[in-house]
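Peer 1: Please model the entire structure based on the sequences and the hints provided.
First to last, the protein sequences are chains A and D.
Here the first sequence stands for residues 25 to 104, numbered as in my numbering.
Here the second sequence stands for residues 9 to 388, numbered as in my numbering.
These aren't lab readings, by the way, just hints derived from the structure by calculation.
Watch out, some of these pointers could steer you wrong.
What the hints assert, rightly or not - To give a feel for the contact side, a few chain A residues facing chain D, derived at Cβ under 7 Å:
(1) PRO31
(2) ALA40
(3) LEU46
(4) MET47
(5) ILE50
(6) ASP74
(7) PRO76
(8) TRP78
(9) ALA82
(10) GLU85
(11) GLU104
Where a beta carbon is used, it is the ideal one built from N, C-alpha and C, also for glycine.
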Amino acid sequence: MSESISPDVTVDSRGAACPGPLMDLIGKVQDADPGTVIELQTSDSGSKGDVPEWVEEAGHELLDTVEHDDYWSLYVEKTE
Amino acid sequence: MTERIVIVGGGTGGTVLANRLAERLEPELETDDVEIVLVNDGEKQFYKPAYLYIPFGKKEVSEATKPIPDLIPRTVDFRVDRVERIDTDRKQVTLASGGGLAYDHLVVATGSNLVPEETPGLVEGGHHFYGPEGAEALREELVEFREGHIVLSVIGVPHMCPAAPVEFTLMVDDWLRKRGLREDVEITYTYPIQRAHGLQSIADWVTPIFEERDINLETFFNVQEVDPDTQTLETMEGKSLEYDLLVGIPPHDGSDLVREAGLGDDGWVAVDQHTLEAEHAEDVYAVGDAADIPTSKAGSVAHYAAGTVADRISSRVRDQQPVTTFDGKTVCFIETGMDEATFVSFDYGSEPTMREPSKPIHWSKLGYNESYWLTARGLI
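Peer 2: Below you can see the structure in the form of C-alpha cells.
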C-alpha cells in the first residue's frame, strides 16, 4: 500500500527521542491544509504507539506504517 | 597569524565557553596566537530560571541580571553588537554596527526566542513567566486572584526549562493553600502529548502528585487558539477549556540567523549531538538552546556543552585531534511547592531517577540560584 502513497510533506525526525517525532508531526499538521498527506520518519520505536494514539484523538487518519532498515515511516492525512 | 574564535551570544553557554576557552588557551592568548571575541546584542546577561519565582514575589527582575563584562576575563574581547549574517563559506559574520568579522572557529549560542504571537489570541489572553515583563505582569494578576480557574498550558514544545511548567503548577497550588485560597481555585495543567511530561519518568512521578493535590490533568492538548474575550482555549483535538487566569508556555523559536546561514531549517543549528559541530558547515559549533540536540533546553545543558566545545576548539587550535564529547548531561532542580524540591539528572537516552522531594533540596536550589553567577564565570 505504501508504494502508492506520495506524501505532500516529509518530516525527518530520525535521531530525535520521544516526544520529538510526535511534536514534529503535530507542528506540521497544525500548519497543513486539510487533505495534506504527511510522512513522519522516525527512528524512535515509541512513535509507533504515541503517533497513532494522537492521530485518532485529533481525528486525522493514519494511512500506513512502513518499517525500513533503521526507521519507520508513518503516513498521516490531515482531515477537516 | 592570530586564530580568531567568535562566540555569538552571551547567555549561559556563551559566557561559560568564553571562560573555559580563556582558561585552556591562556598561553596562546598571552602570545596573541589566539583571540576570543564574544558578541552579544546587549551588555547584560539574564538568569532566566529566576523568573519562576517572580510571580510569587520571591525574586525581583534586578536580581536575575548581571553585566557580561563582570562574568568574563579581560582576555576576552567583548563586543555589544548584533550579528546579522553568518557566511560559512567565507567564514565571517556581519555585524549590525557595520563591517565583517572573520573567524577561524565560530560558536552559535543564540538561545531561544519566545514567539507567543504564533498562537492566535495568546498575547492578549495569556500570561507567562518566561521573560521579565511577563513574570512581573503575572505577579500582578496572581496577587489579586481569589477564586476561579487557573490553567497552566504548555503550548510550545520544545521550550526552555522543561520542568518549569510542572514547578509553577505545584508552586501555585502550595502558594494558594498557604494563603487559604485553594478551595476557591481550580487548577488545570495541560500538555501536548499523551502524558504529563516529555520525560516518561517525570510524567509517572508527577501524575499521582497532581491527583493528590486535586490538580486536573489534560493530555493530548495542543492549543490552536486562545479567545481572550470568552477566556477559552481551543485545541487541535477539538477540545475547549475555559479559564480565568491562563499561564501559557509560549511557542519558542530558534534564530533567523541560523536559518539564513543554512545551519538549520527550524532555526536550531543541526549538529552532531556528541561533537556539537554543525552538520552543514566547517568549524562551526552550537551550544545551549541554539543546538538541535535530543535533550532539554536547559542552562545545565548549555553549561556542560560549553565545556565540551571549549575542549574541542582548544585541541583544534593546537593541531590535536579533539577527544572530548558531549553525553547529553542535564541536571534540573524541580520545585514541588514553595519550600520543597527534588532534582533530576540524566543524559542521552537515559531516564532520570526521581527522588523524594525535600526542604534541603529546595534550599540547594535557592543556593544555586545565588551562586549561578559563578557558573557563568566558568568557576563551578
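Peer 1: When the hints from earlier in the document are held up against this structure, which numbers fail?
Peer 2: 1, 7, 10, 11
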